[in-house]
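The lines below spell out each chain.
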Amino acid sequence: MDKTIEINNLSKEYKVLNRKEGFKGAILNLFSKDYKYIKAINNVSMEIFSGEILGILGRNGAGKSTLIKMMTGVLKPSAGALSINGNTPFKNRKQHALNIGIVFGQRSQLWWSLPCIESFKIIKEIYSINDDVYEENMNFFNELIPLNELMNKPVRLMSLGQRVLCDILASFLHNPKIVFLDEPTIGLDIDVKDKIHKLILSLNSKKKTTVILTTHDMGDVDAICKRIVIIDNGEKIYDDKIYKLKKYFGPNKTLLAHINSNKIRDDSVVITNIKKLIDKHIQLIDYLSVECNNRWIKIVVDENQISVLKVLNLIQKEFDIDKIEIKEISTESVIKKIYEGKCL
Amino acid sequence: MKNYFKKVKYYIHIYRMILIQDLKTKMSFRADFLISSFSGIMLNAASFISIWIMFQNFSSIMNWNYYEMLFLYGFSLLALTPQLVFFDNSWVLCDKVFKGDFITYCFRPINIFFYYTFEKININAIGQFFIGVTLITYSWIKLGLDVNTIIVFKLIISLLTASLFMIAIVIFISSMSFWIINAKGLMDFFSKFKDYTRYPFTIFNNFFKFVFSFIIPIGFVAYYPSLFFIHTEELSWISFFGVFYGIILLYFSYKVWVKGALQYSGTGS
Ligand SMILES: Nc1ncnc2c1ncn2[C@@H]1O[C@H](COP(=O)(O)OP(=O)(O)O)[C@@H](O)[C@H]1O
Ligand SMILES: [Mg+2]
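Residue numbers (this note's numbering), protein chains in the order written: chain A, 352 to 695; chain B, 43 to 311.
No lab work stands behind these hints: they were computed from the structure. Don't be surprised by glycine CBs; every beta carbon is placed ideally from N, CA and C. Be aware that one or more of the hints could be misleading.
To be verified - Ranges between beta-carbon positions, derived for each pair:
no., chain 1, residue 1, chain 2, residue 2, range
1, A, 357, B, 249, 55 to 61 Å
2, B, 76, A, 390, 38 to 44 Å
3, A, 504, B, 304, 32 to 38 Å
4, B, 55, A, 493, 22 to 28 Å
5, A, 493, B, 293, 28 to 34 Å
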């Protein structure tokens, strides 16, 4: 595979003023030289290959966005080398921007009060996209998600999920070689996350676009990435195939289910009931941990032994469940194990 | 050269497109549009009435009579219009920079200043243009000034160059958002000086004359260029200098703005 991005000993420090309070402070701030430095990215090296979907995983404040901003040419690195297809992004931001697509999950780049389709038309002109290419892409997008209802809706009236879907489509409109997605699934429900995963996978496989995705959610990388890089405190602490990492955790998933009944007051009764239930039907008590808190049941399931859905079916027969959530292993626990040296 | 024209064509095309879309959305909020146009007109009417009341008591201010004051007022309204209409987004730059939303303007293969500034057009402020034209025409007739092609041409040129000053000032002050947190206060502070553009500078002492000519150059918005047409005895090299000074200031503020935008690093979230 061809390398498309090469990063060598890359670092980024933010220079932040130590601010003083009050009016006098505000005046002093203007002339102050009292800076502190925040090392957001520290000596990171990696290679990214053309056509891959790379997941960059890390907790909040780990430095993921900073890394993305450097790769998009918006931020200048403090030290080290960063080259994308032989060019240095920061040196020629505009030229670089033609070849990449960017989505920042929390901030839409679509025009807030315009119907989505009008934003797409403006983007078409900004990137000088040919009519043919535009048509072809819109048709392809329409196969992936029905655009009719989305395209005429002003972005400000969209749900977060709809908005992110549109932002992702917009970022692929000019056939970029690389697309950066910074926390595209932040704040979304499971089913919307799932839609986004599928969309990214189809776009990547049809267009052969390199996709670099950051997230703090293990579920995202599990669903769409083969390789992951884990960043913590600005440093790269893991860079390999995701299955190697998963070997160490077993295919555990956490099932959260909420009981919709005021009658149940005693959590410990629920626990014993569930344990009995499972004992009776599947006899797998060794592999499960069962907890209950404020009518939230939490069961860790080893999917090699039994699927989460089967367990859910079972408890649904006994309890009136109104909310569920299925969680991957938490990023925190992955990072903790990496530091303990268990994954290397 | 050919490339250069292509680029200009490209930017005009994009601008037209964004503009049409922006107008369409404005029209769809019709009540909003009417109310803000109306309040703009009322605001101007109020300051017009204050001039009128003043002249009920005095026959002139420092030798400037009622119609000359109206001319100055009309000139200032016209020269301030382009800033209001085309550079309205500058006023919210500090918010966008502070909250981190500005980063979304940095991803497109297009000049950031252009992309940010011309995203919106404040069409409501165009009402001010018509008031300005009316005032200038009315006072022009009352003062019995000449009308010929040369003088109209002169008026247009001096209005255009005068309009550069407020644009430059606002661009410069708003660009401070990239370095300091409370640029909003700074913007509010400087927008107050707008009102001083419609007075003859002879009312100021030497200190303020100097400040308003070179530090906060609002003298060039109406007073100095007006001297080409009325009170020509007060005309000096400064008025001629103003024609070039506006271009220099605009270029300088633009450069500062772009420098700030390029070193913008966003917020942590
Ligand atoms: N513009 C900035 N100025 C100062 N510090 C920043 C800025 N942006 C981010 N940081 C800091 O750098 C670190 C990494 O931030 P970021 O890259 O946004 O992390 P992530 O995207 O992984 O949550 C954090 O400690 C954050 O507070
Ligand atoms: Mg981030």
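Now the hints, each set against the structure:
| no. | hint | verdict |
| --- | --- | --- |
| 1 | A:357 with B:249: 55 to 61 Å | holds (60 Å) |
| 2 | B:76 with A:390: 38 to 44 Å | violated (54 Å) |
| 3 | A:504 with B:304: 32 to 38 Å | holds (35 Å) |
| 4 | B:55 with A:493: 22 to 28 Å | holds (27 Å) |
| 5 | A:493 with B:293: 28 to 34 Å | violated (47 Å) |
Taken one by one, the earlier hints fail for this structure at numbers 2 and 5, listed in ascending order.
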